[in-house]
Amino acid sequence: EDKVVQSPLSLVVHEGDTVTLNCSYEVTNFRSLLWYKQEKKAPTFLFMLTSSGIEKKSGRLSSILDKKELFSILNITATQTGDSAIYLCAALNAGGTSYGKLTFGQGTILTVHP
Amino acid sequence: DTGVSQNPRHKITKRGQNVTFRCDPISEHNRLYWYRQTLGQGPEFLTYFQNEAQLEKSRLLSDRFSAERPKGSFSTLEIQRTEQGDSAMYLCASSFRGSGNTIYFGEGSWLTVV
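Note that the protein sequences, when read in sequence, are chains A and B.
Add 259 to the 1-based position in the first sequence for the numbering used here, that's all there is to it.
Add 41 to the 1-based position in the second sequence for the numbering used here, that's all there is to it.
In short, the hints are calculated from the structure, not lab data.
The structure displayed is predicted, hence computed values, not measured ones.
It is possible that some hints are incorrect.
[To be verified] So the derived label-pair ranges between C-beta atoms look like this:
1) B:Q121 to A:S269: 43 to 53 Å
2) A:I332 to B:G81: 28 to 38 Å
3) A:D325 to B:S107: 24 to 34 Å
4) B:T143 to A:L268: 25 to 35 Å
[Said to hold, decoys possible] Example chain B residues on the side facing chain A (calculated, C-beta under 8 Å, incomplete):
5) H70
6) G83
7) P84
8) Y89
9) K98
10) L102
11) F106
12) F115
13) E119
14) S136
15) T143
16) E148
17) V154
We treat Cβ as the ideally placed atom computed from N, Cα and C, and that holds for glycine.
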């Protein structure tokens, strides 16, 4: 059965800190790893990573995928209170009728204090 | 607004009643997904359509749940004889094969069974 595990489950930091969120996966027919941010509503898309070792950046957020070790990290530098949210990673399946199906981790709850 | 649209956004129902949620995907997206999310958990896959064909249904989905996408556009998710354990947020998402499979979520429909 496909499985995605995130760590830590929760994290409390102060503004300006840098955080690293972890995501490991065991998915048959793996295609891509996606990161989402969720703030009391539906998840909003952050990154999709398909190739190993290529960093993707968007402002203070960056992410990278290691397909050999089956994990991804999401880094947030100079955190702000607006970064407080649940961060979800999800593995995208590319096999047969499961093509396009996402398997989510349980999420990391990030709280940034002023 | 050209995003994924879901309604109703909130539904409170008595145990044993039937409820139906509707999802309108992003225009021209041929794939549509339903997920369920409970507090403290990542979204859990329920079912998936490509055009009007339902390609996969989670083993965790009981016979009380049924989903349709009759014309390959909007979709409905019906829950019959609701139970308190059905209380959750029901998320709809859509994607277009060939766009890198980025999956976009709607705002979700909150169900509370009392």
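Find the hints from earlier in the document that the structure breaks and name them by number, from lowest to highest. Numbers 1, 2, 3, 5, 9, 10, 11, 12, 13 and 17, in rising order.
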